[in-house]
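Protein chains: 2
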Amino acid sequence: MSISFHPIGTVRTSATELPRHWSLSDVEGTLEIDPKFLSGLKDIQIGQQIVVLFHFHKSESFTESLLTQTPPHRDTAMGVFSICSPRRPNPIGLSVVTVTGISGNRIEVRGIDMFDRTPILDIKPHHNFEKSESME
Amino acid sequence: MSISFHPIGTVRTSATELPRHWSLSDVEGTLEIDPKFLSGLKDIQIGQQIVVLFHFHKSESFTESLLTQTPPHRDTAMGVFSICSPRRPNPIGLSVVTVTGISGNRIEVRGIDMFDRTPILDIKPHHNFEKSESME
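From first to last, the protein sequence lines are chains C and S. Under this note's numbering, the first sequence has 78 at position 78, and the numbering climbs by one with no breaks. Under this note's numbering, the second sequence has 34 at position 34, and the numbering climbs by one with no breaks.
Just so you know, these hints were derived from the structure itself, not from any lab. Treat the hints with care, since some could be wrong.
To be verified - Okay, the calculated beta carbon distance ranges per label pair:
| no. | chain 1 | residue 1 | chain 2 | residue 2 | range |
| --- | --- | --- | --- | --- | --- |
| 1 | C | Ala15 | S | Ser59 | 17 to 23 Å |
| 2 | C | Lys36 | S | Gln45 | 42 to 48 Å |
| 3 | S | Ser65 | C | Gln49 | 39 to 45 Å |
| 4 | S | Pro72 | C | Gln45 | 32 to 38 Å |
| 5 | C | Ser2 | S | Thr76 | 35 to 41 Å |
Stated by the list, open to error - Heads up, simulated DSSO-like pairs for lysine-lysine below, C-alpha to C-alpha not over 27 Å straight-line:
| no. | chain 1 | residue 1 | chain 2 | residue 2 |
| --- | --- | --- | --- | --- |
| 6 | C | Lys58 | C | Lys36 |
| 7 | C | Lys58 | S | Lys58 |
| 8 | C | Lys42 | S | Lys58 |
Owing to the predicted nature of the structure, the values given are computational and were not obtained by experimental measurement. Where a beta carbon is used, it is the ideal one built from N, C-alpha and C, also for glycine.
Only chain C is shown next, with the shape it has when bound in the complex:
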């Protein structure tokens, strides 16, 4: 079974050196969302953290040898579902970034760990990651 998605926009950043994870990133960039989705952005606010799901579009194809991988800061191999490697069966990335500005369909953010031109699949509110906190 194949499930197809279409990007809702693109990450833009002039940074060429990227941290290996958003939690270590102060890199700034822009989420350029397709204008046809503009009204869907209306409640995103400056200062807010948002979850960005994206396509690891530069990742090589997944093979069985990638089921365990040794992260750069580790010395033992770990199961792919316990690490954040971009080389995964379905190359979907997840980053939490902070909104620093909004102008129409362009969302300025800090915390980028994606390459320039990364296809964006979805944006979700972040406050929902805390169990028993209020959520939409």
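Mind docking chain S on chain C? Use the hints.
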């Protein structure tokens, strides 16, 4: 541009009444992962929280009228990217569940808000959602 993914497994649960969000859920179920990915599961541990990305496979097609939606517990319409509605441009769901048991390729979890037979796209470690916390 179309991006295609293939499910890595399936959510199984006998529950027919599901909460509207995982943060409100004590429902138990099983993540049945394709045995070919077994070694990728090796570091998932009982008691751990994991992030499950899945396909909202029962959602109707997205249309412009769904760019803003009124959540069940609200009285005003909100932008789709600020709410957790399953009716989104790319119907990808995200839930955080707690591992209660592991047996081969079957992960028993608590916190299910997905329907039985929901296709699973990815599993990621959860501890990475906290900024500046250690992560893999």
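Each hint, compared with the structure:
no. : hint                          : in the structure
1   : C:Ala15 / S:Ser59: 17 to 23 Å : violated (35 Å)
2   : C:Lys36 / S:Gln45: 42 to 48 Å : holds (43 Å)
3   : S:Ser65 / C:Gln49: 39 to 45 Å : violated (28 Å)
4   : S:Pro72 / C:Gln45: 32 to 38 Å : violated (22 Å)
5   : C:Ser2 / S:Thr76: 35 to 41 Å  : holds (37 Å)
6   : C:Lys58 / C:Lys36             : holds (26 Å)
7   : C:Lys58 / S:Lys58             : violated (30 Å)
8   : C:Lys42 / S:Lys58             : holds (26 Å)
Comparing the model with each numbered hint stated earlier shows that hints 1, 3, 4 and 7 do not hold.
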